[in-house]
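Going down the list, the sequences are from chains W and E. Sequential numbering of the first sequence, starting at 1, is according to our numbering. Sequential numbering of the second sequence, starting at 1, is according to our numbering.
For the record, the hints were derived by calculation from the structure and aren't laboratory data. Misleading hints may appear alongside valid ones.
Pairs of lysine-lysine, DSS-like flavour, derived with a Cα cap of 30 Å [claimed, not checked]:
#1 Lys284(W) / Lys65(E)
#2 Lys436(W) / Lys84(E)
#3 Lys482(W) / Lys32(E)
#4 Lys88(W) / Lys32(E)
#5 Lys486(W) / Lys84(E)
#6 Lys31(E) / Lys482(W)
#7 Lys31(E) / Lys486(W)
#8 Lys32(E) / Lys413(W)
#9 Lys173(W) / Lys84(E)
#10 Lys31(E) / Lys397(W)
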Amino acid sequence: MTDEPVKNKAKKKKIPKHFASGSEWTFDILEKFDREIKAIADEYLLDTYPNQIEIISAEQMMDAYSSVGMPLGYSHWSFGKQFLNVEKNYKRGHMGLAYELVINSDPCISYLMEENTLVMQATVIAHACYGHNSFFKNNYLFKTWTNADSIIDYLVFAKSYITSCEERYGIDKVEELLDACHAIKDYGVDRYRRPPKLSAADEKTRQTEREEYLQSQVNDLWRTLPSKENKELDKNVERFPSEPEENILYFFEKNAPLLEPWEREIIRIVRKISQYFYPQRQTKVMNEGWAVFWHYTIINTMYERGLVNNAFMVEFLHNHTNVIYQVPFDDPAYNGINPYVLGFTIFQDIRRICEDPTEEDKQWFPDLVNTDWVKSVDFAMRNYKDESFIAQYLSPKVIRDLKLFVLLSDENKLDLEVTHIHDEPSYQHIRDLLSKQYNISMTEPNIQVYSVDKRGDRSLLLRHVQRDARPLEVTDLDQVMKHLYKIWGFAVKIESVNETGEVVFKHQCPAINTDARELPAEKAPD
Amino acid sequence: MSQIIDRRPNSRNKNAVNRHRFLSRFKHQIKKAVDDAVANRSISDFEHGEKINIPTKDITEPVFKHGAGGVRSIVLPGNKEFSKGDRIKLPEKNKDSADSKASNTGEGADDFTFEISRDEFLEIFFNDLELPNLLKKQLAQINTSRNVRAGLTNTGVPTNINIVRSFRSALARRISLATPSKKLLHNAENELEKLLVSSKSDAPAVIELQNKIAQLKAKIAKIPFIDPFDLKYNRRISQPGASSKAVMFCIMDVSGSMDEAKKDISKRFFILLYLFLTRTYETIELVFIRHHTSAKEVNEQDFFYSRETGGTVVSSALELMHEIIYSRYPTNEWNIYGAQASDGDNWNNDSPHCKELLLHDIMPFVQYYAYIEIMPRHHQSLWEEYLTVKAVFPNFAMQNINSALDIYPVLRELFKRQILVGKN
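In isolation and in its complexed conformation, chain W is listed as follows:
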């Protein structure tokens, strides 16, 4: 596109036109691209951490992959399993590796694969180093719940602590505990309380103190020996915990009666890392959508300014199209709505509503119409998570474009019913449902620590509050319960409560006898 009129050139110092050509990249060219992309990102007011771009090989990418995105993880067999899986799929050609991996840290570390073509590297720089990066820095969840500046230090601390435990207490013991913690790591997050700042240095100095303190607390809790006579009396004694506790790992760390101090520390480590990843799980659609939106916008801007040529654009659009491909719902490979598609479409739509609103938009988004789109997408990025983002911004046009529809699945019926499709009366309903679908506390079973039989057999009772009458998966449940029993040291029970507060399912580990599940349910504690 040599004869494309170059607009908007004034600001830039003179740069050779089309410095991009060919598909090979060099460090010089990457630097040039990064400089250009940064300049454009600045124009669009993207606020980022400093970037640290690391070029790695495919094997290194597989390594990075398997440690669930932690640049340095402690050792555990499950990461080895993950690695073997990735390696197998990659070698068989079932799976391309991710083109990049980005760590929520300050400076923001992005891994770029050396195999990527130049176009891909440029896309990835725009996508990860400016898209994801600005999201990490500014989204309220990340700001509140993670500490980008200290995560690397903390991971170093965690790794060396766990290694030292392995040396002192044996690999098997540590592994057993980690297995158990991993089973409930999704229940190791505070959903509402803000956790204190992470700091490796503080962790270390406070650790000894904490070990002693924790142990004394626990001992205090269990000072009363169980006695039969008091049992009736104590029925009315205050419940423990006084409120149900959603953070099961936290509860174990503080209250499990038989744990050694180092075991509590390891539980804490798993819990902290889980907490660090929690915002990512809540913002998948937004985060990916935001990054795709910006690589698309930035590369297009470069094209408009004649910084890249036609061949570059064709390859870019080809890649971009692959990223936002939605597998059809009736395909065996369907694995939910592609978050890249959903997020990207909504952000694009916000821009469209700002710049070129229709009558419908004026009704649905009066506040958005004819505002500055840069500010509007920025506002959306900062202040929402998937659930609220969809509830706020999913427009009728996006519903139509993605042809969303609703299926009612009822265990009592043999067929599924299409209850809503993309038409006028259904928009609001589809929006609510989809928003609900991205609420993690809706999609994961809602399980909390309900009570502990302090004066009796010290058993722990978990309570699962059903939603949509969905039961727990029993095979896995049994395994998880065994893990919990190992940490708690005494019987662990779980009961499912339906929407009317009635106990509909019970399970416990160890089982009282072979058919514990068939036993008539004891009267549920109020």
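Mind docking chain E on chain W? Use the hints.
For chain E alone, kept in the frame of chain W given last:
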């Protein structure tokens, strides 16, 4: 400003620890897979790793999750033909496995599959055999080259300087360079002597000659004692290990009393010997002889997997072995190894004949002969006769075997020698 760092030179095996942890956690399943592989593989087929399948249910990491059931609405993308109120029939079986879609996509989704390397494979295989560690390492090594001296070279590192040869060539150079000047010097000195008799010592001719002599002396003195050009270095090259040929005879009793378990032990015995030979020889031929009342040369497949019944005449196999050696493997070209596995059953009158065959027709020609008897109970006549062979030939090994653990001791002597050779 962004910082771009090239991390490619960094280490790649960050996950080696985790991989190892995984393997050791599931060693039972992996061992079973390796055992199956050993049973199915050819003896000579130990150059690659193995694909391992582990049932997914054994390695899942359990979490709390929803099971099938409940009443809920799901938003899906890409509506093609549905309108409100349409009903979609569920395929029957989908109802149970609504949450485990993977199983419907077919293609081994139920198993976790991965590959282990050749080294890992051998490691697990060796674990059964209680091999000493040094030996495990030796057997697993592929590279059998060794450093040998191969004359001299003009370049090299100082530690390899060959002093004698360097000085010899320095001497040669000094002689060849100095000789013309020395001749001239000699002449000049003779002339000077004559001249001094007839003329005064300060005659111009005398002075001229004296100058010439001084010049020649200086020239000779300038020839260096040693020059970089003279240095000779010992040359070492890596040579492939002993590159001779070997033939391995596998003799097995296939009469009815040899069941699968015994054959499996025999197979491991043959494999171990084969692995040993691959370390030592470049080409190895395998000859399989199975026998009951008569012996037959067969291919590996028939050797291990076809069954025959009937009595047992061991000498038939030994005779066949002797014939084959005589006709196809001249002993000056081939290293011959024999490995025999049997449950010890033999027709009584045949055993002395076996002894004679071994003593006269076989043992003098073979490097090593190993016999294993897989028999938990008492020995029969064959064992007794073989004991006398053992007394005569130190390179005859025999052992009663109950399990795979007992295999290695049979070959211990053989490997011991190999290790000694390897060390030197």
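Hint by hint, here is what the structure shows:
Between Lys284(W) and Lys65(E), the direct Cα distance comes to roughly 20 Å. Compliance with the 30 Å bound is thereby established for this hinted pair. The straight-line distance between the Cα atoms of Lys436(W) and Lys84(E) is roughly 21 Å, inside the 30 Å bound, and the hint therefore holds. For a cut-off of 30 Å, the pair hint linking Lys482(W) to Lys32(E) stands: about 27 Å separates their Cα positions. Distance hint between Lys88(W) and Lys32(E) is fulfilled; the C-alpha atoms sit about 20 Å from each other, no more than 30 Å.
Annotation: proposed proximity of Lys486(W) to Lys84(E) is violated, straight-line Cα distance about 50 Å (limit 30 Å). Our distance criterion of 30 Å between C-alpha atoms is met by Lys31(E) and Lys482(W), whose separation comes to about 27 Å. For the suggested pair Lys31(E) and Lys486(W), the alpha carbons sit about 28 Å apart, so the restraint of at most 30 Å is met. About 45 Å separates the Cα atoms of Lys32(E) and Lys413(W), which puts this hinted pair outside 30 Å; it is violated.
Restraint check for Lys173(W) and Lys84(E): not satisfied, since their Cα atoms lie roughly 56 Å apart, outside the 30 Å limit. With a C-alpha separation of about 58 Å, the suggested pairing of Lys31(E) with Lys397(W) is violated against the 30 Å cut-off.
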